[in-house]
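Going down the list, the protein sequences come from chains A and B.
Our numbering numbers the first residue of the first sequence as 1 and each following residue consecutively.
Our numbering numbers the first residue of the second sequence as 1001 and each following residue consecutively.
Don't take every hint at face value.
Lysine-lysine pairs mimicking BS3-like chemistry, simulated, CA-CA at most 27 Å apart [said to hold, decoys possible]:
#1 K1187/B <-> K1093/B
#2 K1204/B <-> K136/A
#3 K1187/B <-> K107/A
#4 K1187/B <-> K184/A
#5 K1187/B <-> K36/A
#6 K1187/B <-> K60/A
Estimated spans, in silico, between C-beta atoms of each pair [as the list claims (entries may be wrong)]:
#7 K184/A <-> M1218/B: 15 to 21 Å
#8 K184/A <-> S1177/B: 56 to 62 Å
#9 P17/A <-> Q1206/B: 37 to 43 Å
#10 E230/A <-> S1177/B: 55 to 61 Å
#11 T1030/B <-> D143/A: 58 to 64 Å
#12 A1106/B <-> K36/A: 52 to 58 Å
#13 V170/A <-> N1006/B: 49 to 55 Å
#14 I1096/B <-> T224/A: 46 to 52 Å
#15 S185/A <-> I1096/B: 37 to 43 Å
If you are wondering where the hints come from, they were derived from the structure by calculation, not from laboratory data.
Glycine residues also receive a C-beta, built at the ideal position from the N, C-alpha and C atoms.
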Amino acid sequence: MARITLSNLAHSYYPNPSAEEDYALKEMNHVWEDGKAYALLGSSGCGKTTLLNIISGLLKPSQGRVLFGDTDVTTQPTAERNIAQVFQFPVVYDTMTVRQNLAFPLKNRGSDAAYIARRVSEIAEMIGLEASLNRKARGLTADAKQKISLGRGMVREDVNAILFDEPLTVIDPHMKWELRTQLKSLHRQFGHTMIYVTHDQTEALTFADEVVVMYDGRVVQMGTPEELFETPEHTFVGYFIGSPGMNVIPARIEGDKAYVNGSHIQLGRGYGKLDGKVEIGIRPEFTTLSNSGGLPVNVRRVEDVGRHKIVRADFFGNDINIVAPEGVQITSDMNRVVFNPGKVNVYENDWRVNGEAA
Amino acid sequence: MEKTTNHKAWFLVLPVLFLVAFSAVIPLMTVVNYSIQDTFGNNKFFWAGLEWFSETLASERIHDALGRQILFSAIILAIEVPLGIFIALNMPKKGIWASVCLILMALPLLIPFNVVGTIWQIFGRVDIGLLGHTLEKIGIDYNYTSDAVDAWITVVVMDVWHWTSLVALLSYAGLQSIPEAYYQAAKIDQASRWSVFRFIELPKMQGVLLIAILLRFMDSFMIYTEPFVVTGGGPGNSTTFLSIDLVKMAIGQFDLGPAAAFSIIYFLVILLVSWVFYTVMTNLDKRERV
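Whenever a hint applies, use it, and build me the whole structure from the sequences.
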């Protein structure tokens, strides 16, 4: 087990990258602490898998270094890194039995037979495949095959890290929950560094101590679920985390006031002069629909999602979502929106600006 | 819906019936017809029963040819299958060199059989052939026209040269269908090169290899043109394989009856061996699935 350091790391799939767009992974410096569970969250094609494959050594980065602890492993082949990785789609060795599949990584390391037998039965119990240990892997369902892949990823106790690349895509929803819980308890039990790639925010938020959000080849924010929710560092984080995502509204900022279409919104902090694209971001959870105060909105639709209602409205030509708590009656005279001043974030060219206390 | 009955529709099948009759049924039945009769010319035939069959089955000449044939097929399969797999494993997987390799590999397959024979016939000649002459110059006694072992080596090498590509191309196609994730998982699992071959590549190639082995077996068991052009079955009878012997018997000696019985037995042997191959290999596959 080791801390993983990425220094000046960048990767391009082109042989001679020139412009920044050529890079699938923009230059980054990051430290993944030993023993923590991370979720790598982002939309498809943002570089999550690229980053994972660089850590496991399946891909050689165009530039920069990868360190496990204090050892530079950038040029080390995958097999020497002693790392586990589970892929999105099941990979099993068809001609082997389930037992042989699970034992395979241990056998390759030359572990002794008694230890292998003990580990295999532990893992089989965890993934619920004890009954089919002696069956050939090729006849099993995609579900079971993926469980074997997961099992093979976890069978070695001494790996530096376990990487999961959207491993539950092919698993049944109810099983998904169970396996994720098991992964989590496994993490508590053994304390492996785990990196879990997903584009499902629920999966990320329930699994990880810390969530890393990637956007367009960059890590835009690394933080606890609360931090991502309260202070998204990038408009993408605001939009991607939360359901519905953060409202992002173009605005003009003067001191501690934001102007949208001539009307002002009070902000919690004061800001200096901002250039480029200036927007304010506010979570639907921190806005209130009311019949007085605030600014005018045009309510278009109300959706009841159970625990609360989502009000879809038009705010000076911008789409805005407002969360109304359960039990609140929405009447036709409620056509104003109130923002919680402390929860309004200001973005300059998509990045959050940290204002000064007013 | 009511089913309409119109027996005139049978006429539509006539063209196919004619085609199949003239291309398969009639020639085959002619052979069967010859195999149970005897003739002394003038197109007069006499009933011979199963005499030709029992004679063929007891014939030492045919036993020898069969022995040589089995040995030949065994040798070329033992060389071409592993060699073909080895070549396929080492061919580039993509890019310009993959295409170059594919074209080069396909070339021998495109050359007509008798041309392959002629190429090797000249290539191996001691007086003017590049191979034969070079071997003689460096002091190796090589002469396929007088030495049985040399003749065998020439014929086997020629077949390997001509047909290994087929095994290689089929194996290559099998390898190309393996998703990259399998190789990645093997690296993660710290598998050795041998394990990757044994547990990933070989199982995934199983289907195409079955076809390659069947094709190569049937083809080599029926081989005629190439050894005939190179050695003519000699020296002596040392490279006289079944089909060469059959042609000698049927056209050289004009023994139509025995030749017909011989060819029917020949056909049944190929059918039987192919069936055994196929059944054994598909059963292996089935047992593994359980």
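Hint-by-hint comparison with the structure:
| no. | hint | verdict |
| --- | --- | --- |
| 1 | K1187/B <-> K1093/B | holds, 18 Å |
| 2 | K1204/B <-> K136/A | holds, 15 Å |
| 3 | K1187/B <-> K107/A | holds, 14 Å |
| 4 | K1187/B <-> K184/A | holds, 25 Å |
| 5 | K1187/B <-> K36/A | holds, 24 Å |
| 6 | K1187/B <-> K60/A | holds, 14 Å |
| 7 | K184/A <-> M1218/B: 15 to 21 Å | violated, 58 Å |
| 8 | K184/A <-> S1177/B: 56 to 62 Å | violated, 37 Å |
| 9 | P17/A <-> Q1206/B: 37 to 43 Å | holds, 41 Å |
| 10 | E230/A <-> S1177/B: 55 to 61 Å | violated, 49 Å |
| 11 | T1030/B <-> D143/A: 58 to 64 Å | holds, 59 Å |
| 12 | A1106/B <-> K36/A: 52 to 58 Å | holds, 54 Å |
| 13 | V170/A <-> N1006/B: 49 to 55 Å | holds, 53 Å |
| 14 | I1096/B <-> T224/A: 46 to 52 Å | holds, 50 Å |
| 15 | S185/A <-> I1096/B: 37 to 43 Å | violated, 51 Å |
Checked against the numbered hints given earlier, the structure breaks hints 7, 8, 10 and 15 and satisfies all the rest.
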